[in-house]
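Number of protein chains: 2
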Amino acid sequence: MKQYVFGVDVGGTTVKMGFFDVKGNLLEKWEIPTRTEDKGSHILPDVGESILKKMKEKQITKEEVAGVGLGAPGPIDSEGVVHRAVNLGWDTFSIKNTLADILHMPVMAGNDANVAALGEMWKGSGQGSNDLIMVTLGTGIGGGIISGGRVLTGAGGAGGEIGHIHVDDTETESCGCGNKGCLEQYSSATGIARLAKSRLAKSDKESVLRHGPVSAKSVFDAVKQKDALAIEVAEEFGRYLGDGLAVIAGVINPDTIVIGGGVSKAGEILIDYIKPYYEKNVFHGSKDVKFVLATLGNDAGIYGAARLVLDGGANKAD
Amino acid sequence: MKQYVFGVDVGGTTVKMGFFDVKGNLLEKWEIPTRTEDKGSHILPDVGESILKKMKEKQITKEEVAGVGLGAPGPIDSEGVVHRAVNLGWDTFSIKNTLADILHMPVMAGNDANVAALGEMWKGSGQGSNDLIMVTLGTGIGGGIISGGRVLTGAGGAGGEIGHIHVDDTETESCGCGNKGCLEQYSSATGIARLAKSRLAKSDKESVLRHGPVSAKSVFDAVKQKDALAIEVAEEFGRYLGDGLAVIAGVINPDTIVIGGGVSKAGEILIDYIKPYYEKNVFHGSKDVKFVLATLGNDAGIYGAARLVLDGGANKAD
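Sequence lines, in order, name chains G and F.
Each residue of the first sequence is one higher than the one before, counting from 1 in the numbering used here.
Each residue of the second sequence is one higher than the one before, counting from 1001 in the numbering used here.
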């Protein structure tokens, strides 16, 4: 009788681990460091060891565990094969097989942003939806798409890469991905700060942003104080993101768009700047979408990873 | 023992019908007129009658038939409910239940462009792919997305609506959908003719297009004759479509993009104008996509509709 499931979210510095019952109640969570040395070859053995230790501590057997789900930052295809994850030092190999060989339990793996979207659908602000887009506004922009209740993985595991859609032909600076004019260059935390700095440099307009460090947080704090220059930045942020989401949602036809990541701590005001641009350009069949803020925070990944296992192949082409 | 399946493609003037074996061999095809009068209320009874007649003629029983799949122009959700199909006079109702009540056999229904994409995946130029985008360049632009082997239906059946993604902020003319700057306004047959007429009016450049009717066909015929103005139009067409597909494919991560519809009769030269723009802007994870021309022509819809039944709920959220 399968009663438990593990959800693992591998980040660049720490691995988050969650121990759940199969109904999705988080019974315990903990972290271990991510050892990226030696091409990241210690990461999966460390995860395996930590899970086995937890099972011993809880006195549960493999027969009671449905499996282990894992999300990681990189393209991971429907077979659980990662195709290079630069931040972890990983080249191309099967996460699924490697971890299953260590644990002798079923393993499922997916891209971290896709898996987080699944987590929000299951236990976060996307509950009740089968078709949602999650956009994670952090240092970069992560994206995850759930279509018909399933993670949209794509042919090579690069499905849901919302941060790198091309949104501006006039851009002269390069994005981290090598292209120019990616959404991430405008609407991530880094992008918002960049837009603000550019506006501050180009005008003499007085702004509270001139008197402290410029960040996505300081911009939206200033917006709440009705700072005119900050509001211009927020409009620009919203136009890029609203226009971009209008194109994506026009073809995905979700009922819910979840906004997460550090920038989303600014609150509902964020949606006020995105939604008008979204509604202006989106195909009418996708206009009535619900915009919500993510509620699981950093736990979305472990929830989604656990769910991946319970879906028993939800990220597999079948 | 299920040996046969029917595929039905409802168009504005005719209904195409296909009688297949379950391996996907088209045994016979025929057409009946689409009677759009009386709010299209005769269409499904006509389809039902025609199928029963064919079964009688072939002396096959309901026990031998896996079911009937149907594609129609309009948003059709995962439950087989159409949400208004203006061209047919249809309001909102369950196609699946209505036709099943007539036939007493399993029925599946989907949007015609989505279903055509499934057809090309099964028996056309998308064979071997599980993740593809099909774009149909006709009077308008239709789109269909297959992700993980399944039709991307969307929450309200508007999934895959590629023709109405917003691609130009400067457009002053309205699209049929009510928005301005939709892809369809530039890269459909109508859009290509519009781009050509606009260029002819704005310049004095000599062109073979000045000496005959201007259409998508005449433009690409002129391109093949190295007509300079026609080549400018082809570049503009390719930039809009290549840029648009780069955004969509960036999040869908397909391995194949199928170009179909009347415009695709221009041949491989079409791809030469789309691909460079696509490759310039797309996220690197989706760069190595295969561009192919559709091969099933007007039969893609009946093939895909038949496949919908054999997948037994491939367009259902489950």
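Source of the hints: derived by calculation from the structure; they are not laboratory data.
Mixed in with the good hints there might be a few duds.
Below are the DMTMM-like pairs computed for lysine to aspartate or glutamate, each with C-alpha atoms no more than 20 angstroms apart in a straight line [claimed, not checked]:
#	chain 1	residue 1	chain 2	residue 2
1	G	K180	F	E1279
2	F	K1180	G	E279
3	G	K287	F	E1279
4	F	K1287	G	E279
Only some residues are given here: those of chain G computed to face chain F with a beta carbon under 8 angstroms [unchecked claim]:
#	residue
5	E79
6	Q127
7	A155
8	T172
9	N179
10	G238
11	G250
12	P254
13	D272
14	S286
15	K290
Since the structure is predicted, the reported quantities are computational estimates derived from the model, not experimental observations.
From the three backbone atoms N, C-alpha and C, an ideal C-beta is built for every residue, glycine too.
How the hints compare with the structure:
1. K180/G with E1279/F: holds, 13 angstroms
2. K1180/F with E279/G: holds, 13 angstroms
3. K287/G with E1279/F: At roughly 30 angstroms apart (the allowed maximum being 20 angstroms), E1279/F and K287/G break the hint.
4. K1287/F with E279/G: violated, 30 angstroms
5. E79: Since the shortest Cβ distance to chain F is 11 angstroms, the answer is violated.
6. Q127: Not OK, violated: Q127/G not within 8 angstroms of chain F, min 14 angstroms.
7. A155: Hint holds; A155/G Cβ to chain F Cβ min 4 angstroms, cut 8 angstroms.
8. T172: With a closest approach of 15 angstroms, the T172/G hint is violated.
9. N179: Because about 6 angstroms separates N179/G from the closest Cβ in chain F, which is inside the 8 angstroms limit, the hint holds.
10. G238: violated, 15 angstroms
11. G250: holds, 5 angstroms
12. P254: holds, 6 angstroms
13. D272: Given a least distance of 20 angstroms, the restraint on D272/G is violated.
14. S286: holds, 6 angstroms
15. K290: K290/G check fails; min Cβ-Cβ to chain F is 10 angstroms, beyond 8 angstroms.
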